[in-house]
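> Sequence:
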Amino acid sequence: MVKFFPFWEKLLEERGFWTVIFSTRDLNFNRTLDFISTHWAPVNYLFGGTNYNHLRIEIDPFDLFVFFGLIGGIIYLMLINKYYLKPIKNNILKILLIGYFIIGMIYGAFLFNILLMTLLYLFVILFSSIEKETNELKP
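If you're matching positions, the sequence shown starts at 64 in the numbering used here and goes up one per residue.
Source of the hints: derived by calculation from the structure; they are not laboratory data. Since this is a predicted model, take the numbers as computed values, not measurements. Ideal Cβ placement from N, Cα and C applies to all residues, glycine included. Take these hints with a grain of salt, some might be off.
BS3-like mimics (lysine-lysine), calculated; alpha carbons at most 25 Å apart, straight line [to be verified]: (1) Lys145 to Lys195; (2) Lys195 to Lys157; (3) Lys201 to Lys149; (4) Lys201 to Lys152; (5) Lys152 to Lys195; (6) Lys201 to Lys157; (7) Lys145 to Lys157; (8) Lys195 to Lys149.
Okay, the calculated beta carbon distance ranges per label pair [claimed, not checked]: (9) Phe175 to Phe70: 24 to 34 Å; (10) Thr82 to Lys195: 46 to 56 Å; (11) Leu185 to Met141: 13 to 23 Å; (12) Val106 to Lys195: 42 to 52 Å; (13) Ser86 to Tyr184: 24 to 34 Å; (14) Asn114 to Ser191: 34 to 44 Å.
Please model the complete structure; the sequences and the hints are all you need to start from.
As structure tokens, this is what we get:
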């Protein structure tokens with residue numbers, strides 16, 4: 064695959080295998096770790112402390128922690144569960160939705176992308192209403 068794209072071949076030679084696999088996100092991760100080790104106080108580990116526009120890893124589980132901290136990240140995930148996962152009662156749809164989240168989190172910038180989250184919320188509302196109508200039609 065790398066042979067077909069000269070950019071990746073050069074990047075592989077200069078930075079290594081992991082940089083190619085993570086599309087340079089590992090470099091963002093290292094830069095963020097340097098920032099955390101030099102600028103963060105204990106409160107930042109609980110509530111976060113970076114400007115997402117200037118410092119992001121683009122792998123959502125890490126970005127979630129860096130931006131919101133441990134407490135803020137837990138609250139954020141609780142809200143995702145409440146408004147995105149709980150309304151869907153169908154287990155197959157729930158598994159698909161969880162898979163969508165996992166793929167999106169690896170993709171990067173998924174949890175913080177307003178358009179994607181809005182479309183996903185509309186998807187949840189649509190399928191919740193379809194489930195409700197289906198259950199009402201059952202004898």
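> Run every hint past the structure and note whether it holds.
Evaluation of the provided hints:
| no. | hint | verdict |
| --- | --- | --- |
| 1 | Lys145 to Lys195 | 18 Å, holds |
| 2 | Lys195 to Lys157 | 15 Å, holds |
| 3 | Lys201 to Lys149 | 22 Å, holds |
| 4 | Lys201 to Lys152 | 15 Å, holds |
| 5 | Lys152 to Lys195 | 9 Å, holds |
| 6 | Lys201 to Lys157 | 21 Å, holds |
| 7 | Lys145 to Lys157 | 13 Å, holds |
| 8 | Lys195 to Lys149 | 14 Å, holds |
| 9 | Phe175 to Phe70: 24 to 34 Å | 26 Å, holds |
| 10 | Thr82 to Lys195: 46 to 56 Å | 48 Å, holds |
| 11 | Leu185 to Met141: 13 to 23 Å | 21 Å, holds |
| 12 | Val106 to Lys195: 42 to 52 Å | 44 Å, holds |
| 13 | Ser86 to Tyr184: 24 to 34 Å | 27 Å, holds |
| 14 | Asn114 to Ser191: 34 to 44 Å | 35 Å, holds |
The structure meets every hint from the earlier list without exception.
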